[in-house]
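> If you want the building blocks of each chain, they are given just below.
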Amino acid sequence: MVITQEFRKKLVTLALIGPAGLWLFVFLVLPFIAILVFAFGKRAPEGGYQAAFTIEQFANLGSRAAAFVNTLMLAPAGAIACLLIAYPVAYYLAVKAHPRHRLLLVSLVVVPFWTSLLVRTYAWMYLLGARGIPHLLELIGIENVRLINTPGAVLLGIVYGYLPLMIMPIYVSLEKLDRRLLEASADLGARPVSTFFGITVPLSLPGVMTGMALVTILLLGEYLIPQLLGGGKVFFIGNALVDLFLQSRNWPFGSAIAVTLVAVVVVVLMVAMRIAWRFAGTRQVDLV
Amino acid sequence: MRALVTFVYLFLYTPIVLIVLFSFNAGRNASEFVGFSTEWYGKALSNAFLMEALQNSLIVGFTSAGLATLFGTMAALGLERVSAKTRAVFDALFAAAIVVPGVVIGIATLVALVEVFGLANSLIASVWPGEAPPRMQLGFGSIIAAHGLFTMALVTMIVKARIASLGRDIVEASSDLYATPMTTFWQIVFPQILPSVLAGFLLAFTFSFDDFIIAFFVAGSKTTLPIYVFASIRRGVTPEINAIAAMVLVASLILILSARFLMRDRTANS
Numbered sequence: 001m002v003i004t005q006e007f008r009k010k011l012v013t014l015a016l017i018g019p020a021g022l023w024l025f026v027f028l029v030l031p032f033i034a035i036l037v038f039a040f041g042k043r044a045p046e047g048g049y050q051a052a053f054t055i056e057q058f059a060n061l062g063s064r065a066a067a068f069v070n071t072l073m074l075a076p077a078g079a080i081a082c083l084l085i086a087y088p089v090a091y092y093l094a095v096k097a098h099p100r101h102r103l104l105l106v107s108l109v110v111v112p113f114w115t116s117l118l119v120r121t122y123a124w125m126y127l128l129g130a131r132g133i134p135h136l137l138e139l140i141g142i143e144n145v146r147l148i149n150t151p152g153a154v155l156l157g158i159v160y161g162y163l164p165l166m167i168m169p170i171y172v173s174l175e176k177l178d179r180r181l182l183e184a185s186a187d188l189g190a191r192p193v194s195t196f197f198g199i200t201v202p203l204s205l206p207g208v209m210t211g212m213a214l215v216t217i218l219l220l221g222e223y224l225i226p227q228l229l230g231g232g233k234v235f236f237i238g239n240a241l242v243d244l245f246l247q248s249r250n251w252p253f254g255s256a257i258a259v260t261l262v263a264v265v266v267v268v269l270m271v272a273m274r275i276a277w278r279f280a281g282t283r284q285v286d287l288v
Numbered sequence: 289m290r291a292l293v294t295f296v297y298l299f300l301y302t303p304i305v306l307i308v309l310f311s312f313n314a315g316r317n318a319s320e321f322v323g324f325s326t327e328w329y330g331k332a333l334s335n336a337f338l339m340e341a342l343q344n345s346l347i348v349g350f351t352s353a354g355l356a357t358l359f360g361t362m363a364a365l366g367l368e369r370v371s372a373k374t375r376a377v378f379d380a381l382f383a384a385a386i387v388v389p390g391v392v393i394g395i396a397t398l399v400a401l402v403e404v405f406g407l408a409n410s411l412i413a414s415v416w417p418g419e420a421p422p423r424m425q426l427g428f429g430s431i432i433a434a435h436g437l438f439t440m441a442l443v444t445m446i447v448k449a450r451i452a453s454l455g456r457d458i459v460e461a462s463s464d465l466y467a468t469p470m471t472t473f474w475q476i477v478f479p480q481i482l483p484s485v486l487a488g489f490l491l492a493f494t495f496s497f498d499d500f501i502i503a504f505f506v507a508g509s510k511t512t513l514p515i516y517v518f519a520s521i522r523r524g525v526t527p528e529i530n531a532i533a534a535m536v537l538v539a540s541l542i543l544i545l546s547a548r549f550l551m552r553d554r555t556a557n558s
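Here the protein sequences come in this chain order: A and B. Residue 177 in the numbering used here sits at position 177 of the first sequence; the count goes up by one each step and never skips. Residue 340 in the numbering used here sits at position 52 of the second sequence; the count goes up by one each step and never skips.
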């Protein structure tokens, strides 16, 4: 049998993408089909799954409304809080910082993002806990301050955890901004404030939307921060999922919540992409 | 604006620095530094459960990052050779692997594997001649599979970006000079993508080493380092956890700085 050049090339290509394709199929596509099937199924009396085709689980989503409300309020709120702090920092890094220091300053923003979120959240648990800042306040006479296990603590943890992820895409879009546009605007008599809101902000919008989308999406699935800093009082969808899968073992209902969460993520992503595309071509974001 | 930026950097680093500082605290309070001591490090390092968790995390990290780097790099190279349609399918799946929340990846893998293992185990039991048939269960394999999914997508993304920035002309020059495709690959392409491959491996390892939520669902009876730390935190905050946290921080710091060093050319250009 003669193996043609063409056939051999195809075989090599298949060998190259085959393992990745198989992995994606077995550990992404199949599991997703599995939770879809579970979501339309029923809970067996002893806690497992019972085959059925019903929208019972989705109709029951209201019983976990608190988790959805908390997540859908605090995720965007956290993302906006990140944005308000991140924008000036990104602007400083891209426009004001001395080029010689820029790489170091940018590295200092990226590094925390790649260090354990668990450890970073734990750091705040330690600082806000009874033996931390409240103990310090007692020493100067302010008693009974409660910081941990409050929505404020969760918001603080969110901003702390996700600020780097907001700064990076905004920095990338501001850094690529053509400085001549700013000069032209100034030459034409625009005040710095109008140049900023008329030129800089619109042109950085793709970065802003990328950052908002990334942070919001990650927050929608957050578990650790509300668990460690909210102490069970501030309950996210992620916490509801851990409870349903690992404690109360209601897998069909948990699957319905997981499927709904993915649907919300897809909607957020589509809205963000639509807005970003309207203003400029999308850019690859450097997460590293 | 300078003041705000300074404040943000202080905000980012103060908690990390304090954790490291208080891991050397002889006392137990976060507010008073009583004296210097390495007692908590000694306690942590002689803790057998902690050491086992660390070992598990290293096994999972190296295996999942190794496989993800190998298959991810192969996919990045292979996707250069396929039709636009196939590439779009792969790009969509890789994007999904990155944006689907970790908690959902964990759940979906758990549900699918428990079902598959249930079927497989009853099948094995029905044909097994002996008394105790082997049972498939959650453990290293499932954590590696779930971590590898995300990190393979990450490696593919990084290597693809590097390939896209490679000059085509140099590859063409090589084949014009009668180099075989294999020679061209090993002598021209591979040395150029190697830094991004290594960086991808380090990031993949870092992700796996730090991940809590995915492993929490699919670890079965195995304990990884983040799972151990999480469980200890729930039992109560102790200075020993500070020592563990400080060591984890230093490990991640070394990994991410190495990855950035390997990718420095790209960073400097973009």
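By construction, these hints were calculated from the structure, which means they are not laboratory data. One should not assume that every hint holds.
As the list claims (entries may be wrong) - BS3-like cross-link-like pairs, simulated, lysine-lysine; straight-line CA separation at most 25 Å:
| # | chain 1 | residue 1 | chain 2 | residue 2 |
| --- | --- | --- | --- | --- |
| 1 | B | Lys373 | A | Lys9 |
| 2 | A | Lys96 | A | Lys9 |
| 3 | A | Lys10 | B | Lys373 |
For clarity, every value in this text was computed on a predicted model and none was experimentally measured.
> Next pair to validate is lysine 96(A) with lysine 9(A); report whether the Cα-Cα distance is within 25 Å.
violated, 51 Å
> Does lysine 373(B) sit within 25 Å of lysine 10(A), going by the straight-line distance between their CA atoms?
holds, 15 Å
> Is lysine 373(B) within 25 Å of lysine 9(A), Cα to Cα?
This hinted pair holds, its Cα atoms lying about 18 Å apart.
Violated hint: 2 only; the structure is consistent with all others.
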